[in-house]
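Keeping the supplied structure of chain A fixed, place chain B upon it in accordance with the hints.
Note that the protein sequences, when read in sequence, are chains A and B.
Numbering-wise (the numbering used here), the first sequence opens with residue 1 and increments by one.
Numbering-wise (the numbering used here), the second sequence opens with residue 1001 and increments by one.
Keep in mind the hints are simulated off the structure, nothing from the lab.
Hints should not be assumed to be uniformly reliable.
[As the list claims (entries may be wrong)] Computed cross-link-like contacts, SDA-like style, restricted to lysine to any residue with a CA-CA straight-line distance of at most 20 Å:
| # | chain 1 | residue 1 | chain 2 | residue 2 |
| --- | --- | --- | --- | --- |
| 1 | B | Lys-1101 | A | Met-385 |
| 2 | B | Lys-1101 | A | Glu-544 |
| 3 | A | Lys-523 | A | Glu-544 |
[Said to hold, decoys possible] Footprint (simulated), chain B over chain A, 3 or more residues, beta carbon under 8 Å:
| # | stretch |
| --- | --- |
| 4 | 421-432 |
| 5 | 685-691 |
| 6 | 696-703 |
Beta carbons: idealized from backbone N, C-alpha and C, even for Gly.
If you want the building blocks of each chain, they are given just below.
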Amino acid sequence: MTALQKMLFRDLAHMKGQVIAVSMVVACGVASYVSMRSTYRSLLLTQSDYYEAYRFADIFAHVKRAPDALAATIRQIPGVAGLETRITMEVTLDVPGLAEPATGLLVSIPEHRRPILNDLHIRRGEYPQPGRSDEVLASEAFAAANSLDVGSRIGAVINGRWKQLRISGIALSPEYIYEVRGGSILPDNKRFGVLWMPLPTLEAAFDMRGAFNDVALTLPRGTNPADVISKLDQLLAPYGSLGAYGRDEQISNRFISDEIAQNRVSSNVIPAIFLGVAAFLLHIVLTRLIQIQRKEIALLKAFGYSRVAIGAHYLKLSLLAVSGGIVLGVAGGLYFGSSLTQLYQQFYRFPVLRYEAGLGLVLTTVAITFAAAALGALMAVRSAMALPPAEAMRPESPALFNAGVLEHTGIMRLFSFSGRMIIRNLNRRRGKAALSVLGIATAAGLMVVGFYFYDAFEYGIRVEFEVAERADVTIYFHEAKSGGARFEVARLPGVLYAEPFRAVPVRLRFGRRSKRSAILAMKPGSQLRRIINEEMRPVRLPEEGILLTERLARDLGVSAGEALTVEVLEGKRPVRRIVVAGVTDELLGTSAYMSLEAIHRMMQEEGSVSGAWLAVDSAALPRLYSLLKRTPAVSAVAIRDAMLRTFRDIIAQSFTITTNILIVFACIISFGMVYNGARIALSERGNEMASLRVLGFTQGEVARILLGEQALLTAAAIPLGWLLGYGICAFLSLRLSTELYRIPLVVTRQVYLLSALVVIGSAVLSGVLVARRLRRLDLMAVLKTRE
Amino acid sequence: MEIHALRGVDFDLYPGEFIVLLGPSGSGKSTLLNILGGLDVPTRGEVIYRDHNLTAAQERELTRYRREHVGFVFQFYNLIPSLTALENVALVTEIARNPMKPEEALRLVGLGERMHHFPAQLSGGEQQRVAIARAIAKRPDVLLCDEPTGALDYATGKIVLEALERVNRELKTITVVITHNAAIAAMADRVIRISSGSIAGIERNETRAAPSELSW
Chain A
1 MTALQKMLFR DLAHMKGQVI AVSMVVACGV ASYVSMRSTY RSLLLTQSDY
51 YEAYRFADIF AHVKRAPDAL AATIRQIPGV AGLETRITME VTLDVPGLAE
101 PATGLLVSIP EHRRPILNDL HIRRGEYPQP GRSDEVLASE AFAAANSLDV
151 GSRIGAVING RWKQLRISGI ALSPEYIYEV RGGSILPDNK RFGVLWMPLP
201 TLEAAFDMRG AFNDVALTLP RGTNPADVIS KLDQLLAPYG SLGAYGRDEQ
251 ISNRFISDEI AQNRVSSNVI PAIFLGVAAF LLHIVLTRLI QIQRKEIALL
301 KAFGYSRVAI GAHYLKLSLL AVSGGIVLGV AGGLYFGSSL TQLYQQFYRF
351 PVLRYEAGLG LVLTTVAITF AAAALGALMA VRSAMALPPA EAMRPESPAL
401 FNAGVLEHTG IMRLFSFSGR MIIRNLNRRR GKAALSVLGI ATAAGLMVVG
451 FYFYDAFEYG IRVEFEVAER ADVTIYFHEA KSGGARFEVA RLPGVLYAEP
501 FRAVPVRLRF GRRSKRSAIL AMKPGSQLRR IINEEMRPVR LPEEGILLTE
551 RLARDLGVSA GEALTVEVLE GKRPVRRIVV AGVTDELLGT SAYMSLEAIH
601 RMMQEEGSVS GAWLAVDSAA LPRLYSLLKR TPAVSAVAIR DAMLRTFRDI
651 IAQSFTITTN ILIVFACIIS FGMVYNGARI ALSERGNEMA SLRVLGFTQG
701 EVARILLGEQ ALLTAAAIPL GWLLGYGICA FLSLRLSTEL YRIPLVVTRQ
751 VYLLSALVVI GSAVLSGVLV ARRLRRLDLM AVLKTRE
Chain B
1001 MEIHALRGVD FDLYPGEFIV LLGPSGSGKS TLLNILGGLD VPTRGEVIYR
1051 DHNLTAAQER ELTRYRREHV GFVFQFYNLI PSLTALENVA LVTEIARNPM
1101 KPEEALRLVG LGERMHHFPA QLSGGEQQRV AIARAIAKRP DVLLCDEPTG
1151 ALDYATGKIV LEALERVNRE LKTITVVITH NAAIAAMADR VIRISSGSIA
1201 GIERNETRAA PSELSW
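Same shape as in the complex, but just chain A (with noise of 0.2 Å):
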């Protein structure tokens, strides 16, 4: 080992504790880069793979009844690779063990053969027998949920007619990765399940012989997906055509995609903040280093080393310093990566999720934070290099202070001595400050970042289930109802109050613009059901007109006040012009608003209903859920406090994870900040400090002055850190936003209050940490050397 070696891993040892607090930082960013982005590209691969593998459709369309000789007619459209027509339906679920009724989506499955489209991958069982109509395949989501398996029962009200049904298999599709009821955006797996069955059983049940009511398609790489949608759409409307749609509006594919950008989005702003506080570290202890070794260099100098080879001294160290961090950070990104893809699993079903990092993702990382390393030495490792020999000899000049501005205001009469000090010491290197600040900060707004988003969903669903959606139970039709069925639905077992509600498959259009969506109709002032703003105060429905969500608005480039064309999807499908009444700014989706009497007159019709809200007397809640199980004409029953309390476990799951990592985080960025600022004002004033021990300051008064500075530090940085904080959150807020939902702006007092009380706390610990060296300052050394 050469000599400057030897001094490089005595330089490490000597500096250890602030190596470690640079290198725990260094971990922080790489961990979670290293997670973030295998994640990511775990994701994207597994679902790349599973669509090709399993065939997954390019375009999707539901009718109310086509013949099957329309298939060949499809076929025949320009572009279209594959094809497969099937029967899909939504019926009520009886399932053991629910008290709730459940909705399961029926789809159908070829006989004698696997789809084509869409296929199927078997967990466990195997498909249903040929000539078996009451077996089914189920959907690994539903059955985990409901803890059922291969031989299980399930009942389930099918055409009219309840029928026991028998789980032969439990399978996964790549068009319910994520199984969500249409319209919702959180799974409740307990209460929605896919389940398929062979298309003869569903052919019989729903008297479909020789026609589908749903189609799938794909196209060859590189097919405009638009003209084939609009071809689709002349064929398919005279058939009650929902509309045909691409791999974008597909629910399952969209949420995992939408996920899929998420990560990446976080991947790259999360890391870069570590790595920023990383190397600013690094430039303040490698700046003080180099000054603490002035002579030394110029020694070295003296003796005929190379200013290159000082140079690459320092660069090593700090180099060496990280790497520390680098492989800790590595350790636990794959180790948090793979924990985060297993949290997926619970969210997206996939046949495998493999979890890859690669070892191109490790050595990236290693040359980010190196360059991240290296670019935090430059400043400090140029001005050693530049150190002539024999100006290093001569000691640092002594610190300037003069009266600047500050002096001449008076300002300072108001200070005791040592808050002079502090301020004095503080304006002198006002950019280093800043700096330090500003890191703090970081920690503060990391914190801020962490509970926000549990926070934002939380109040997304109070927004939703409490002050939007207060109906205890809602109950869907198979099809629109006259107006009588209201006066059913007040009749049933433990009903208080009820509302109808009309909902209609639209196609809006506004100029060259065009939206698939649904017209939710209402009583304006509706009891059970009101349309609530971000700000969370009701917004009055119009009785003419229509209302639109911000985001549709947006989408179609339509403002109150225009008259978009509203295509009607079902029935007659009448085209109508509606003048857009209004636009809120929901959360949730792009819904459409109108009153029921509008509709009623737009549609042409006499008080038809789709479904009821329901307000319940609790005690009758098991008689009325047992009814509802076997009432034919309901095809789906949702009920809010279920949901409510899945939404929640989701969403403690979810974010508990990534709340306590950074937390965890934030803590270190915020001690390793602090305690690098305060090691280093000891090192730099340790003789000032003795010196007042030596007059006869007590260890308590000198610790005040010293950590003073560290206190103002973390007290001017908090209000910065709030302010950073809710800035990155307004910016993931926009980023992370998606048309299916918006994440709202809310920070609340507790998560402002928190991070404050966490970056105090690890500020204490490490004033604590400094404290201790400043009782074994060198009180005789202090009179004779000189700094």
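Coordinates of chain B only, in the frame set by chain A:
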């Protein structure tokens, strides 16, 4: 193996005395100063200040002793660079029981005009006089000066010694000056010579020479 920095050292200091502790480097005079100043305690023997026995004093007691009774003047001044001359002095008077006014202390060392300057704006001699003002402002019973002229040139060193002499004369503070500069011995009441860790001799000067009369 035990190495004795000091051995068999036994002497008394009397109020108002001006003492010069003379010895070459490595003679143990710094250790003696540390013990007198309450920075260190002897491994054996006794140190008694008036009615306090400092021999077995704990850190807290030593700090109080330094705070209330001792004034220090360092070889390299050790002023707080972020405080002005006046503030450096005031910093100490704030924690003293019966201090003089900081301005008064500065005037006593001839720095009445420059009290609002920062250390970096003062010459070495001026800085050392600020340090003396800081040491005496709390009216200490003992003023300990460690090579107070060690870092100064001839002329400036004399000005500093004059300041020390004046303080001793006017405030009657026991003043102990540690030096290896034998010329300074002439201005002392008593000269204690230290050599290899023990007292080589104690001499009493019949008359104290004025600093201006010294030359080296």
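Comparing the hints with the structure gives:
1. At most 20 Å may separate the alpha-carbon atoms for a hinted pair to count; Lys-1101 of chain B and Met-385 of chain A exceed this at roughly 49 Å.
2. A C-alpha spacing of about 85 Å is found between Lys-1101 of chain B and Glu-544 of chain A, which places the hinted pair above 20 Å, so the restraint is violated.
3. Under the criterion of a C-alpha separation no larger than 20 Å, the hint pairing Lys-523 of chain A with Glu-544 of chain A is consistent with the structure, at around 11 Å.
4. Using a Cβ-Cβ cut-off of 8 Å, 4 residues of the stretch 421-432 of chain A lie near chain B, which meets the minimum of three, so the contact claim holds.
5. Given as covered by chain B, the stretch 685-691 of chain A passes the check, having 3 residues with a CB less than 8 Å from a CB of that chain where 3 are the minimum.
6. Three residues within the 8 Å Cβ limit are the bar, and the stretch 696-703 of chain A against chain B gives 5, so the coverage statement holds.
Consistency note: the structure conflicts with the earlier hints numbered 1 and 2.
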